[in-house]
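Asks: Take a look at the letters that make up each chain.
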Amino acid sequence: MRSRLQHLTSTGIVVAVLVLSLVVGAILTAIEGRNFLSSGNIDAILTGCSILGLIAIGQTLVILVGSLDLSVPFVVSLTSVLAAGHMAGEPGNVVPAVLLALGIAAVIGLANGLVVSFLKVHGFVATLGMGLIISGYIGSNYQGSHGLAPRSFRLIDATQIGPVPLTFLIMLGCALLAILMLRRTRLGHHLYAVGGSPEVARLSGIRTSVPVVVAHVLCSVLAAVAGLLLLSRLSVGSPTIGSQGDYDLMSIAAVVLGGTLLAGGKGNIVGTLAGVAIFAVLDSVMGVMQVNPFLKDVIRGLVIVAAVAVYAGREIDRRPARFDRPTGLDAVLQETK
Amino acid sequence: MPATSVVLTARGLTKSFVGHTVLQDVDLELRAGEVLGLVGENGAGKSTLMKILAGVHSPDSGSVELGGETVSFSHPVQAQQAGISTVFQEFNLLPERSVAENIYLGREPRSRGLVDVGQMHRDTEELLTGLGVTGLRPGQRVRTLSVAEQQIVEIAKAVSYDARIISMDEPTAALAEHEVELLYGIIGTLTARGVAILYVSHRLKEIFRLCDTITVLKDGRQVTTKPAAELDDAELVRLMVGRSISSFFPDPVEGTVVGEPALELRDAGNGYVDGIDLTLRAGEVVGIAGLQGSGRTELVEGIFGVRPLTRGTMSIAGKQVRPRSPRAAIRAGLAMVTEDRKATGLALNQSILDNALGVVRAVFPRRTSQARREVPGLLSSLEVSARATDQEVQFLSGGNQQKVVLARWLTTNPRVVLMDEPTRGIDVGAKHSIYELMRSLAADGVAVLMISSELPEVIGMSDRILVMRDGRLAGELPAGSSEEAVLQVATGVTAAPATTTPAPTEEVAR
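Protein chains in written order, with this note's numbering: chain A, -3 to 333; chain B, 13 to 522.
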């Protein structure tokens, strides 16, 4: 048992924990007299996964490359109000508004990436500053809800394919593209390399700024996609939607819960998605059980710390012990040796 | 020697850093299929010379000609593309990535725009097989490899650039003796393919074993370049340091008394070592030999409470103790010089003084001011060469750093000093002062337990030699035993080891 646990990868553990939390969640929900697998509940969980999922995918890329993005909640808010303002309820404005939102997000990500890679400011500080700047801009220009999404745009949130919401499929599509990039493109390989050791990457002839900048741009753009999906759900732009969701810390928590090394260089999207799903299941179950919202945060916090403690313990020493508790056949073999 | 073609010529290379000349007017000639040995103390300019060839530094003056054309590199990648690969002393590998991903980093093979992982694994397989390496899977994560295997990955990476010249900086520094053979085999394969090799090492034996020509550097100047056959050990050491080899391993200080047991273990063990019976007396220097992975480091870590012993008894100066942490071990009178000074021995960006006082401050805070007064004397008796005691240790040479590590432990007045590879990767001069320090510690009644992968060192320094195998003490040998005797116990092979070391060059080394 012990050795099998040792061989499990971090991703394996997260997926196992996800399955466990699904089972426990289903049982707890059933005790409350509700059906965990009811279409309403599944829809709620999948929708809950979509927004945080998109942001966490971007955050995974940024963390893998050795940086961090704290500006995502403000990018979410900014795209929500900008797009809503430009749509102004007119179906004809949807495409330009979406392009504008994504474009502005890309520019923000580009700025983050350039500051991190060329001015050598750590991502934590660079994006904290960027977040404050955007937050200040939003605060001084938008009070309360703003603009209006036309019905055609609101359909994105309302559409379901079978039991699966379209927003979830959009998130899944982005995840698949990100996985393809990480596994099968040079850029993806170099992202891991720069996150693992910028010096090794440099000596191997990699231009280390490229993966850093690309990761930041993608992270911001994915946050913008999340902001647009939120707009589609709420139908009006909200200047506080991002910070209400705590998307900066929650996305980092999901990434870390998913087994990605906070220092960079190791991790994957599948783990992150499992991490996001664990949070969504927790939320759903605690919602059904009517857990006090403050206690919810306590439980989330415990889950994150416990998960990272498990990974940390595993990483310290993987040398197999030679003389630990020989049992059964091993003991006999050692005797005869 | 058959006439071979010159692939690289360097003339009059000079380099200085902030007014300090580290390399002056050095010439070099590398020939296809030959190994050029580069020796000299640390600080003699070997690393700088390698880094110039690798494109890390550019020379202030002088020229490098590659295949008849003058070249100058401003980035390591340009050197690699021109056919010069370098295996640096520090591993340049990503521990979380696979063997194949590390080797082809930056040059991942692609088909239709996507990385072709299958092709990359096949190429890696082919590359490793070509080097005569088996048992290394392309998909293995580097973190799970042994030091020797990581070294092989480094070399394979260098070779994969179709290098005509490969320079290696102390490639055997972290390898045990039997792993070194594997490396020799790979070097043989490479020279047979016509690759020129520039080989830097502190181990004289392997210099003679491998090299066709030897260049000696001292204080940045070229002392001599001669065919290896015209030199011998003693001559080479004299050229490097101006000191003869007979005084290389100092004898015990006159009047050293072997006294009461300072450290005793009875049937001790934990998850990594087992059944350890050991008595270390005051005034003794005892060496621990064994292959990489035989549990040497784990043994001293067990004694020192890093991975506490879980079975048996342990006593220090007759008193039963079982340290559960290094802190408890230090309080009981133990000191441990760890294997990796940069990672676990020193706080690199702190000053010499802070490092020297680090352990005392943490464990015996009331003795700090007294220790502070002792530090200058201690540093000068260790012959640490530094500008001042407030200099950060990261700017010291390896040998001086190691001396600071020793100072850090000696300020605690230990009864027993455990040393894990105390002379790894440091120059001959610094080695010598560490040997002398060990002898003078013994004369003061301290017991010294030293792990070493270098057999001449274990044999030359130890009053007794303990040999480990598979986590157990496999035997004890008297001082001055032969290398063959130690290897026999270490490997458990009782037959004459002539079949494993078919080395006529051994004769030259003696």
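Heads up, some of the hints might be wrong.
Stated by the list, open to error - Which bits of chain B does chain A cover? Going by a derived footprint, with three or more residues having C-beta under 8 Å, they are: (1) 328 to 339; (2) 359 to 367; (3) 386 to 392; (4) 414 to 426.
Claimed, not checked - Calculated pairs, DMTMM-like style, for lysine to aspartate or glutamate (alpha carbon to alpha carbon, straight line, at most 25 Å): (5) B:354 with B:279; (6) A:116 with B:279; (7) A:116 with B:448; (8) A:116 with B:404; (9) B:63 with A:293; (10) B:331 with B:279; (11) B:354 with A:195.
Worth flagging that the hints you see were computed from the coordinates, not collected in a lab. Nothing here was measured: the structure is a model prediction, and the numbers come from that model. C-beta: ideal position from N, C-alpha, C; glycine also.
Asks: Which numbered hints are broken by the structure, listed smallest first?
Replies: Hints 1, 2, 3, 4, 5, 6, 7, 9 not satisfied by this model.
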